[in-house]
Amino acid sequence: MDFKQAKRNRKYDTWLMVLLLLSLATGLNFLVSRIDSQLDLTPGSKYTLSRETLALLNQMESPVDVVITIQDNNELPKVIQKLLHDLGLLLESFEHSASAGKIRVHRVDVNSAKMSSDVINRYKITEANLVMVASPRGDKKIVFRHEDLEGVNPYDPNDSFRSEDSLARESLWESGLYGEWTESTNGVLEPKVFRGEEVITRAILEVAGKPQTKRVAYFTRGHGESSPADVNAEKGYSELRRLLEDRNLMVSDIDLSVQESIPKDAKLLIIAGPKATFLDKEVSLIRNFINQNDGNLLVALDPTESLSVVDRPAFGLRPLFKEWGLRCHDMLVYDPTKENYDFFSGDYSLRTYSSKNPHPTVSMLAEQGYSVQADRCRPVEVDPDHPVGLNPVSLIYSSSKSWAVSGWANRKSPPVKNPLLDVEGPIPIASVSSYADEEGKTGSLLSKGRIAVVGCSKIFSNKRLKSNIGNQFLAQNIIYWMKNSYGMLEIPPKPLDTYSVSMTGENFDKLLYSLSIVPGLIALMGIFVGWLRKEL
Amino acid sequence: MTTEAKPLPIVEVLDLRKKYGAIQALKGISFSIGKGEIVGFLGPNGAGKSTTLRILSGLIPADSGEAKVCGVDLAEEEGEVRRHIGYLAENNPLPEDLRVVEYLDFRAKLKGLGGSRKRERIRIVLDICDLERKVSERKIGNLSKGFRQRVGIADSLLAEPRLVILDEPTIGLDPRQSAITRKMMERLRGEVSFLLSSHILSEVEACCDRMIILSHGQIVAEGTLLDLQKEFINSTVFEIVAFGNRIELQRVIRKIDETCELIQDDPVEVTGKRRFTFATEKGSDVAESILKQLLEVDQFRVSEFQITRPDLETIFLRATKKNWEDQDFLGRNKKRPKIVGEKNK
Amino acid sequence: MREYLVILRAELFGLFISPATYVASFYFLSLLAIGFRFFIESFATTDWILPPLASLVTGLVFGAPALIPFLTMRSFAEERRLGTLETLMSAPVGSLSLVLGKWSASYLFFLLICGCAFCFPLLLLLMFPDQGETLGFTNFEQWIGGWLFLMAFGASFSAVGIFASSVTRNQMVAGMLSFTLLTLYLAIMAFSLGDTSPTESIDHFSDFWDASLGSFGNGLHKLQHFAVGLIDVGTIFHQLILGFFFLSLATLQIERLNH
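Protein chains in written order, with numbering that gives the first Met the number 0: chain A, 0 to 535; chain G, 0 to 344; chain Z, 0 to 258.
There's no promise every hint is true.
Stated by the list, open to error - Calculated lysine-lysine pairs in the DSSO-like style (CA-CA distance at most 30 Å, straight line): (1) G:Lys34 to A:Lys533; (2) A:Lys462 to A:Lys77; (3) G:Lys18 to A:Lys3; (4) A:Lys3 to G:Lys144; (5) G:Lys144 to G:Lys133.
To be verified - Simulated restraints on C-beta separations: (6) G:Glu76 to Z:Leu121: 23 to 33 Å; (7) A:Phe343 to Z:Ser41: 49 to 59 Å; (8) G:Arg132 to A:Ser22: 52 to 62 Å; (9) A:Leu23 to Z:Ser41: 39 to 49 Å; (10) A:Leu15 to Z:Phe190: 29 to 39 Å; (11) A:Val109 to Z:Ile187: 53 to 63 Å; (12) G:Ile123 to Z:Ile187: 49 to 59 Å; (13) A:Glu173 to Z:Met126: 35 to 45 Å.
Keep in mind that the hints were calculated from the coordinates and are not lab data.
Note that CB positions come from ideal geometry on N, CA and C, so glycine has one too.
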């Protein structure tokens with residue numbers, strides 16, 4: 000062969016090869032990125048979704064977007080970084096799960112100048128430091144919200160100042176993503192297990208499971224109730240609205256007096272501190288709603304001074320409460336001692352006082368001994384003669400030294416206890432009732448409706464929901480309990496690895512000496528080889 | 000320019016061309032080498048010797064032309080040829096920090112030798128190249144130039160190649176060391192074909208069967224020493240040792256013989272005498288008459304006169320001079336034939 | 000194959016007798032040992048959330064731009080400068096086996112140094128078994144994960160080093176070039192850490208682009224997976240592809256040299 004010919008072939012070769020290689024590498028990269036297979040070497044496959052989860056994920060009916068607006072940087076508290084790490088691994092296994100492509104994780108920066116991400120626009124996300132599960136059909140649920148210290152004035156006595164780390168731990172604890180918090184060696188509560196799989200699965204099912212027709216929480220109006228649109232700290236309910244919306248409920252209001260029936264999409268009816276009496280028509284609408292439509296009712300009542308309503312106690316709701324095994328006397332809870340009043344805000348603390356078999360709505364309160372801050376309260380008791388099948392439970396109580404004053408508007412101050420009329424403490428301030436048993440199995444019950452009555456509307460006011468974790472838990476868990484969409488999921492939590500070291504300085508020095516063996520050996524070997532190679 | 004046909008040529012080259020950028024390094028050379036031949040490549044620096052050798056050893060491809068080495072078509076499979084040849088690169092680069100035996104062992108394995116055959120071959124090449132044990136245990140970096148050259152040659156002989164290509168094997172060696180190299184080639188004469196390049200003429204003259212003289216990428220002369228002498232025998236070469244300048248001398252000589260040509264002009268000693276070498280095509284009679292004529296001119300003070308047979312040096316100079324005068328530096332045909340010819344000397 | 004093995008052995012031998020290798024590995028391991036000791040002392044109070052063993056892997060990966068050039072820069076640059084590459088090529092050796100042989104040698108040496116570094120936690124575990132346990136050094140999967148991560152990245156890193164060495168005659172330039180390329184690679188991976196975009200479905204061109212870039216986007220992010228014993232097959236393949244790409248470029252370059 001002539002070189003000329005061979006050369007011509009080769010000349011093309013080099014450049015063609017470079018081009019080919021580049022496209023080959025790109026193509027292969029692309030193909031490989033499709034593989035997405037992970038080998039889980041951990042004992043018990045810690046980072047693989049459990050079979051229960053996979054089975055539950057099959058119930059998904061629409062794709063899901065998990066949006067994380069927490070910006071991962073080193074300024075975040077360590078626990079949040081740990082959460083991002085754990086959550087990241089977990090979400091990836093969700094992404095890689097059987098229903099691939101249906102779950103997508105987005106990490107977005109809402110504060111970034113380039114607001115190009117269509118996820119932000121689609122779900123109208125404006126808040127940073129969120130973990131949210133949302134589906135394109137409009138449902139969304141906040142799984143985790145981390146409040147940073149921004150905007151908190153450490154010198155404001157109304158804002159109890161806490162470190163960023165403790166705030167982060169609180170929001171983590173609240174989210175239920177971690178469990179079995181136990182005190183570690185340095186006195187900080189550290190979680191032992193990660194429940195992320197359960198929490199995320201539940202959220203996914205809620206936003207992308209069977210579409211829920213009932214997904215609106217209606218606030219009644221027309222009786223001087225607090226409004227969900229009110230941002231007033233003392234009596235506004237916008238915080239509660241946010242809690243509801245975080246849990247995939249839409250919030251609206253309704254004037255029962257002009258309605259023929261309660262709308263079909265109502266999941267929850269909220270009566271927030273009425274000042275006027277409900278008409279019979281309105282009460283029968285409500286009754287219908289809970290009894291026939293499996294509705295849920297949350298009532299927050301304040302003690303009333305007005306005598307005109309004495310003929311219709313509890314704002315005309317008394318018969319309804321009675322049907323559900325609850326009693327709500329027009330009394331005022333009075334505590335002669337000072338110890339249960341907050342020194343700064345003057346709020347009165349309510350507690351569960353017992354942690355034996357707590358109702359699911361207060362189990363977290365009981366566990367941690369948190370108190371619920373309230374203003375003036377009225378008793379909400381369980382009727383000892385409640386209808387059979389009902390399961391009314393009192394949740395939180397005033398102190399044992401307190402007592403309920405009847406006809407309190409006419410009593411002199413300070414009141415003197417009248418053993419005939421007044422009731423001895425502890426007085427239950429909040430109670431719930433339902434036909435369901437504790438596991439949430441409703442079976443062939445009269446109604447799936449649930450009712451919760453709280454004897455102080457200020458418990459859910461903006462100020463207290465924002466600043467007091469006990470109030471938050473109470474509100475949150477009552478909402479959970481009422482939604483009761485996917486009972487308890489039997490997804491086992493994953494144990495967390497924690498690493499610690501407790502060595503003395505002496506030991507560290509010893510370690511360093513022993514570590515230096517390795518480079519020392521290398522140096523010795525180098526010298527030896529150098530000697531071997533020396534010319535004689 | 001082909002030589003007598005050998006039965007099985009080891010190397011066959013036809014119209015080989017190579018260009019480095021603007022410089023035409025090879026302008027179509029053709030030759031062939033038979034089995035067992037020792038062929039010397041002669042030529043001034045930049046004549047294209049190394050280029051040709053590198054092409055033949057499969058290191059670089061040519062631009063056009065054909066080449067076959069040991070039956071392997073170089074254009075088709077350049078890598079294949081490396082199995083059949085031994086190659087000593089110009090300047091003989093070697094890894095400094097290996098010992099001689101380690102290096103040879105590595106090279107032997109690289110060339111596919113193994114086991115007892117490898118040990119045997121290493122022993123043999125060490126013996127051929129006169130590298131005794133004391134030397135073979137030393138690091139290459141600490142060896143003198145002569146020993147390194149021998150290590151390189153030993154390496155090229157390792158795999159019993161049919162053709163050994165040596166690029167400037169004796170450059171920078173003292174006469175004793177080059178004598179050893181020559182002796183080594185003498186020992187292998189007949190078994191292995193050698194193709195070596197050099198501009199040390201005496202060496203090529205001493206050991207090569209045949210030589211190819213390259214200049215400016217072209218073959219200007221080719222053949223055995225005898226062939227070349229024959230080719231150049233029709234000219235009588237004579238040397239004159241005399242005073243005086245070249246131009247004057249040449250003017251006088253040209254009066255007698257138009258064809259007489261100055262080949263070389265060397266200073267003889269400090270006295271200012273010079274040795275002029277002339278070639279004429281008109282035989283020794285004319286030379287004698289030239290002598291007579293020169294003796295008459297006092298200024299020359301001729302002290303020596305000798306008629307010689309042309310040696311390789313003369314042939315080389317004549318052959319390359321002619322070529323030099325035709326070329327400029329870039330190898331193109333020259334338009335103004337002067338300075339370059341001067342420069343050659 | 001035979002040529003490859005011969006080259007590999009010769010290269011390993013070359014590295015083995017070269018003082019530069021010992022000096023580089025001595026300093027590297029010394030620094031790493033000191034770093035390891037102080038890390039162990041202080042990791043609880045820092046923001047470190049990965050298993051402590053991953054610190055070593057991180058140290059090795061981020062130290063690689065300093066270490067790899069020492070192992071690779073000589074390979075082709077020095078041979079080209081001395082001219083021994085021509086001698087080497089005059090033997091029946093393909094450029095591919097040459098490149099592969101040299102790459103394997105430096106890769107193996109890199110792994111050897113990594114292995115030496117892995118002796119640190121092993122020593123700790125042997126000396127203070129209780130501490131080793133609370134530090135998670137008994138979790139076998141973390142060792143495997145970290146080792147595989149280093150193997151994957153070491154392969155591509157040493158390929159980059161070999162490529163850098165093949166493009167120049169000056170080994171200093173080769174060293175600087177591979178240092179620059181590797182640092183750049185790590186920087187790109189570190190910058191895109193955190194905003195990993197999903198690659199499950201391809202909606203946009205940018206998604207396709209991200210997928211095609213392989214580990215450029217999420218290579219370091221995957222360290223979190225490997226560190227806890229979760230082997231991401233994709234990352235290993237991405238690194239192998241990157242290594243293959245640079246080795247091919249080096250082979251082409253070596254072939255081009257002779258023409």
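Now the hints, each set against the structure:
Proposed proximity of Lys34 of chain G and Lys533 of chain A is contradicted: the alpha carbons are some 44 Å apart, above 30 Å. Distance check on the hinted pair: Lys462 of chain A and Lys77 of chain A sit about 28 Å apart at the alpha-carbon level, within 30 Å; holds. About 12 Å separates the Cα atoms of Lys18 of chain G and Lys3 of chain A, which keeps this hinted pair within 30 Å; it holds. Restraint check for Lys3 of chain A and Lys144 of chain G: the C-alpha separation of about 39 Å exceeds 30 Å, so the hint is violated.
Under the criterion of a C-alpha separation no larger than 30 Å, the hint pairing Lys144 of chain G with Lys133 of chain G is consistent with the structure, at around 16 Å. Checked against the hint of 23 to 33 Å, the pair Glu76 of chain G and Leu121 of chain Z fails, with Cβ atoms roughly 51 Å apart. Distance hint for Phe343 of chain A and Ser41 of chain Z: a CB-CB separation of about 39 Å, inconsistent with the stated range 49 to 59 Å. Against the hinted window of 52 to 62 Å, the Cβ-Cβ separation of Arg132 of chain G and Ser22 of chain A comes to about 56 Å, which satisfies the hint.
Taking the beta carbon of each, Leu23 of chain A and Ser41 of chain Z are about 46 Å apart, inside 39 to 49 Å as hinted. Against the hinted window of 29 to 39 Å, the Cβ-Cβ separation of Leu15 of chain A and Phe190 of chain Z comes to about 33 Å, which satisfies the hint. Look at Val109 of chain A against Ile187 of chain Z: about 25 Å separates their beta carbons, and that is not inside 53 to 63 Å. The hint said 49 to 59 Å for the Cβ distance between Ile123 of chain G and Ile187 of chain Z, and at roughly 56 Å that hint holds.
The supplied range of 35 to 45 Å is met by Glu173 of chain A and Met126 of chain Z, whose beta-carbon atoms lie about 42 Å from each other.
Comparing the model with each earlier hint shows violations of hints 1, 4, 6, 7 and 11; every other hint is respected.
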